[in-house]
Amino acid sequence: MAFFDRSNTIAGPGFNRWLVPPAALCIHLCIGEAYAFSVFTKPMAQAIGITAPTPGADWTVPELGWIFSLAILVLGLSAAFGGKWVERAGPRKAMFVAALCFSSGLILAGIGVNSHLLWLVYLGYGVVGGCGLGIGYISPVSTLIKWFPDRPGLATGTAIMGFGGGAMIGAPLSVLLMKHFANASGTGVAQTMFVLGILYFIWMVAGSLIVRIPQDGWKPAGYVAPVASQAMITSRNVVLERALRTPQFYLLWLVLCLNVTAGIGVIGQASLMIQDIFGVTAVAAAGFVGLISLFNMGGRIFWASLSDFIGRKRTYAIFFIAGAVLYAFVPTWGHLHAVALFVISFLLIISMYGGGFATIPAYLRDLYGTVNVGAIHGALLTAWSVAGIAGPVLINYIREYEINHGIAKADAYSVTMYVMAALLMVGLLCDLAVRPVDERYYLEAQTVT
Amino acid sequence: MDQPEERMRPQDRNATMLVLAWLWVGLPLAWGVAVTIDNATKLFQ
Numbered sequence: 001m002a003f004f005d006r007s008n009t010i011a012g013p014g015f016n017r018w019l020v021p022p023a024a025l026c027i028h029l030c031i032g033e034a035y036a037f038s039v040f041t042k043p044m045a046q047a048i049g050i051t052a053p054t055p056g057a058d059w060t061v062p063e064l065g066w067i068f069s070l071a072i073l074v075l076g077l078s079a080a081f082g083g084k085w086v087e088r089a090g091p092r093k094a095m096f097v098a099a100l101c102f103s104s105g106l107i108l109a110g111i112g113v114n115s116h117l118l119w120l121v122y123l124g125y126g127v128v129g130g131c132g133l134g135i136g137y138i139s140p141v142s143t144l145i146k147w148f149p150d151r152p153g154l155a156t157g158t159a160i161m162g163f164g165g166g167a168m169i170g171a172p173l174s175v176l177l178m179k180h181f182a183n184a185s186g187t188g189v190a191q192t193m194f195v196l197g198i199l200y201f202i203w204m205v206a207g208s209l210i211v212r213i214p215q216d217g218w219k220p221a222g223y224v225a226p227v228a229s230q231a232m233i234t235s236r237n238v239v240l241e242r243a244l245r246t247p248q249f250y251l252l253w254l255v256l257c258l259n260v261t262a263g264i265g266v267i268g269q270a271s272l273m274i275q276d277i278f279g280v281t282a283v284a285a286a287g288f289v290g291l292i293s294l295f296n297m298g299g300r301i302f303w304a305s306l307s308d309f310i311g312r313k314r315t316y317a318i319f320f321i322a323g324a325v326l327y328a329f330v331p332t333w334g335h336l337h338a339v340a341l342f343v344i345s346f347l348l349i350i351s352m353y354g355g356g357f358a359t360i361p362a363y364l365r366d367l368y369g370t371v372n373v374g375a376i377h378g379a380l381l382t383a384w385s386v387a388g389i390a391g392p393v394l395i396n397y398i399r400e401y402e403i404n405h406g407i408a409k410a411d412a413y414s415v416t417m418y419v420m421a422a423l424l425m426v427g428l429l430c431d432l433a434v435r436p437v438d439e440r441y442y443l444e445a446q447t448v449t
Numbered sequence: 001m002d003q004p005e006e007r008m009r010p011q012d013r014n015a016t017m018l019v020l021a022w023l024w025v026g027l028p029l030a031w032g033v034a035v036t037i038d039n040a041t042k043l044f045q
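Listed in order, the protein sequences are those of chains A and B. In terms of the working numbering, the first sequence has 339 at position 339, counting the first letter as 1, and numbering is strictly consecutive. In terms of the working numbering, the second sequence has 2 at position 2, counting the first letter as 1, and numbering is strictly consecutive.
Isolated chain B (complex conformation) (with noise of 0.2 Å):
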């Protein structure tokens, strides 16, 4: 039976990893910063 041919090279599966990670920790990240503007914009209101 034939490998299939869709299953993920190492070099994409790391490159998978590399994306996932950094949006693991990115994304609340961006978050803290956006709600951190705003609220830094009604101190000075």
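Chain A with its partners taken away, still in its complex shape (with noise of 0.2 Å):
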């Protein structure tokens, strides 16, 4: 096990850095899998039925909901609690890990699908699997910023854009090979996941070989360390446990807490949600997934990117204030069938999701310093968690709270629609309020070492 040790990944001389990014891609690629998580909801929903789901033995959709939100709670505390041990392991230690945990809590969630077992599937998906997610999650980002001091967003931006975009992949082979092993005693959902989790390890083992670690004290050639000088952006440093006490730190987990429950929501039930609407095939509705898995990803970059020319808090005003305007629109949208609009309002809101998990380490950098900088981004990843839960939640407990009083399938989704936009108007309170850090909270300068 030595050859996974951090003494045994430093880089030696000649190292490429640029062959660390392609090492991020793959354990993000592959975890991001998890946005694609919906195209299983509708078979697993009818794996009794087959054709339709048998009422009173087939899972219901909001006990589905569960997995991806299980799975999205399991991340959020593994990468905020992991995040010391990840960084003494090394990389690829940690790589490797998330590997395992990813792979086998997808072969474990395919034997529960096989003997119909939800608490094998929320356990394998969820737990184990959750647990790959946050690891694998945090695992190259700290690297990638070792090795790219002078262009941190791009690198960050890289790995977290792999999450983002890891449906693309995920979601179409999915469907693919569903079909290739449904028959008429079984969906395939099983069969797929036990693929799924043998490719994802090799995919993810590969990332982890290739990982390096700069050597101490590297610095790209011709590098000097930038000096922050911008007045609303402090050169000074806060530490994890003075920044809990700041009213700031509440404020913002609120904010990335809102953002995410907004989207993550849509993400986790995407597919259905657009099936149950517009009755569009399953194809169709994967290749929706597909969209939001592209726009998540290049919102990551975009939002990230305007935020260092407009600010954050402006940026998450746009988020909150434009996000609330589409949500409030979507209900109509359905009503007069206007699939397009629907999926260019969905497709926005995601890009401005997936642009507030690019854009809160920036603002927590901006309000606490560099010192701590992840140590307080991990805590406030508990953020995720919450929403993982709230989000789909609020999707699926309404959408079944208004088909069983009646309503049609295609309206089911109105309230929820309504409850987003009014959660985005609180969030934009919250980052209205969002003030400086009080100057007793920072570190004098000659203890920051």
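Rather than coming from a laboratory, the hints here were simulated on the basis of the structure. No experiment lies behind these values; they were computed from the predicted model shown. Hints are not guaranteed to be accurate.
Said to hold, decoys possible - Some but not every residue of chain A turned toward chain B, in silico, with C-beta under 8 Å: (1) Gly14; (2) Asn16; (3) Trp18; (4) Leu19; (5) Gly49; (6) Leu100; (7) Gly165; (8) Met168; (9) Ala206; (10) Ile210; (11) Val283; (12) Gly287; (13) Leu294; (14) Gly298; (15) Ile301.
As the list claims (entries may be wrong) - Stretch by stretch, here's where chain A covers chain B in the computed footprint (C-beta under 8 Å, at least three residues): (16) 16-23; (17) 28-39.
Don't be surprised by glycine CBs; every beta carbon is placed ideally from N, CA and C.
Join these two chains into a complex; the hints should help.
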């Protein structure tokens, strides 16, 4: 196991740092499959009935929604609390552990689907797979920051973009595999999960073999560290313990949580939602999931780059105002059967969802400086966990409630859209309330090491 | 005995690794993007 040790991953002379982004992409493009999980929802909801759900025997959509929520909950918790271990163990070991967890989670979930044991699917994909998601999410990010001090945005953007784009591979691949394995006695979900587990393991391990960490004190040729000088961006530092005592931390926690809540519910149920509202085929719905992934990925680079010019606070204000307006119009697009406007609205919402993830580390760096920004960011990711439950729960349970009260499937999402718009307006208030951190929380210059 | 002339230099090995690594992630991603665009056209039919 020494091969996986941190000491054995230090790059030798002449190592090309541009090998590290594909290593990071190996991990993030795989774990980003979580965003394609909605393609499993419909076939899993008719695992016994095969062609249609069997009431009382088949799993319900809200029950299945918990799989994605649990995975995101565990992702946030393992990312928040696993950061120190990842730093200690090094990226190769962390990536390998992530590969083991994520792949075995998929295989366990496949066994759970095959034996119709929902708790095993929760344990497999939600808990074990969720640990793989969390460890995998943070493992290449810190390594990339070390390799690209001159381009940290580009470096982390590449990895985080991969997480956003994973569904573009995962969704069509899953549909293809399910189609191949489906027969008169099964929907092919279990076999698809087995194959995905094996493929993703091979792909992720390749990333762990490629990755290297730079030697201590390594800098790119000609690189000179910049000195922060802008009035609204502090050049001083706040440590994690003090940051947790500032109101700004909790305001930003709410900002991230509300922005993510509004997007994650859609991502988890995108395939089902567009099939319910517009009656499109599963293949076309997978196309919608893929487009969501494309905009989720592109939004991360676009909005984070824009925030460098217009500021983080204004960027989030755009997310919340534009997001609320778009959500408020979604039911109208459904009534008018305007598929294109529906799709465009959600693609914009999802781009801002991705942008929220990419912009929050910069917002934290602006307020708290760079010394503890990793740890503060990790603590803030618990907002993702909460949103991972709140978003899908809102969508699923309101949909189920509406359908049980005689509302047509196509109209069952309207209330949820208005709730999302209201949540985004609360997020706007939180964002507007963010002010620079009080002087007393900053470290004295001489204590910074 | 002479060393074989065709043995790869470190720079060439690095360049090959770089191309292979980007192909390893780029090809599946390109396939995903192509299928996504193809499926997206069906969405609007």
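Consistency of the hints with the structure:
{"no.": "1", "hint": "Gly14", "result": "6 Å, holds"}
{"no.": "2", "hint": "Asn16", "result": "5 Å, holds"}
{"no.": "3", "hint": "Trp18", "result": "6 Å, holds"}
{"no.": "4", "hint": "Leu19", "result": "5 Å, holds"}
{"no.": "5", "hint": "Gly49", "result": "26 Å, violated"}
{"no.": "6", "hint": "Leu100", "result": "20 Å, violated"}
{"no.": "7", "hint": "Gly165", "result": "7 Å, holds"}
{"no.": "8", "hint": "Met168", "result": "4 Å, holds"}
{"no.": "9", "hint": "Ala206", "result": "6 Å, holds"}
{"no.": "10", "hint": "Ile210", "result": "6 Å, holds"}
{"no.": "11", "hint": "Val283", "result": "6 Å, holds"}
{"no.": "12", "hint": "Gly287", "result": "3 Å, holds"}
{"no.": "13", "hint": "Leu294", "result": "6 Å, holds"}
{"no.": "14", "hint": "Gly298", "result": "11 Å, violated"}
{"no.": "15", "hint": "Ile301", "result": "15 Å, violated"}
{"no.": "16", "hint": "16-23", "result": "holds (count 4)"}
{"no.": "17", "hint": "28-39", "result": "holds (count 9)"}
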